[in-house]
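Enquirer: Kindly produce the complete structure, drawing on both the sequences and the hints.
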Amino acid sequence: GAGVSQSPSNKVTEKGKDVELRCDPISGHTALYWYRQSLGQGLEFLIYFQGNSAPDKSGLPSDRFSAERTGGSVSTLTIQRTQQEDSAVYLCASSLVREREQYFGPGTRLTVT
Amino acid sequence: KQEVTQIPAALSVPEGENLVLNCSFTDSAIYNLQWFRQDPGKGLTSLLLIQSSQREQTSGRLNASLDKSSGRSTLYIAASQPGDSATYLCAVRFDSGNTGKLIFGQGTTLQVKP
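From first to last, the protein sequence lines are chains A and B. So the working numbering is basically just the index in the first sequence, starting at one, shifted up by 266. So the working numbering is basically just the index in the second sequence, starting at one, shifted up by 2.
The hints are simulated quantities; they were obtained by calculation from the structure and are not laboratory data. Even glycine gets a Cβ: it sits at the ideal position worked out from N, Cα and C. Zero decoy hints are in this set.
Label pairs and their calculated CB-CB ranges:
#1 A:Asp329 <-> B:Ser54: 27 to 37 Å
#2 A:Gln307 <-> B:Ser30: 24 to 34 Å
#3 B:Pro42 <-> A:Val278: 15 to 25 Å
#4 A:Gln346 <-> B:Leu13: 39 to 49 Å
#5 B:Asp29 <-> A:Asn318: 27 to 37 Å
#6 B:Thr28 <-> A:Thr342: 25 to 35 Å
#7 A:Asp284 <-> B:Ser61: 40 to 50 Å
#8 A:Pro274 <-> B:Val15: 33 to 43 Å
#9 A:Thr377 <-> B:Ala81: 38 to 48 Å
#10 B:Gly18 <-> A:Asn318: 49 to 59 Å
#11 A:Val278 <-> B:Pro16: 35 to 45 Å
#12 B:Ala80 <-> A:Arg330: 44 to 54 Å
#13 B:Ser61 <-> A:Glu365: 12 to 22 Å
Expert: See the structure below:
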């Protein structure tokens with residue numbers, strides 16, 4: 267079946283602009299996660315959604331970062347007033363439920379110039 | 003602080019060799035542990051998931067073990083092939099709260115030479 271998909275695959279933006287990254291999880295998966303992978307920091311957790319519960323936002327690095335998940339399916343990660351240190355690969359993952367294995371999408375490579 | 007460490011950072015072996023990748027974690031109260039592989043410029047591919055109540059999991063030439071008391075997991079790759087060349091990541095879900103987040107190690111980059 268279809269895996270996790272993300273769009274765009276690449277995004278180049280100017281410092282100070284807002285960007286939106288999209289994630290389509292595997293159909294039927296109730297848990298959705300965003301991670302960030304950068305050269306200096308490795309893979310870092312950003313945010314976790316589980317069904318209709320309040321999301322775990324503990325990994326968001328600043329209030330410029332926000333995410334939503336509409337209808338329990340598609341998720342959008344928004345970064346406002348982008349900075350150069352936001353340049354990274356943003357990875358989305360989903361799992362059937364929290365206890366099961368996570369499946370990752372191909373990622374969105376964000377470059378802030 | 004909950005941390006995951008992988009040693010070595012890089013490994014190069016000749017084709018056909020059996021090898022072991024190591025992962026250690028700081029808190030024995032884990033929920034599960036997952037091994038991934040990542041090819042250059044690609045996302046993560048799940049290899050094996052071990053629940054905290056399990057000692058090992060096997061898939062084909064891969065075998066992952068878990069020893070919670072010592073805070074260690076190993077990924078054993080039998081009869082390595084050039085196609086196994088990739089970065090292998092260990093990730094732990096610690097048993098704290100209602101989050102499903104994974105804490106990742108820095109990875110071991112494996113090169114299998116023909």
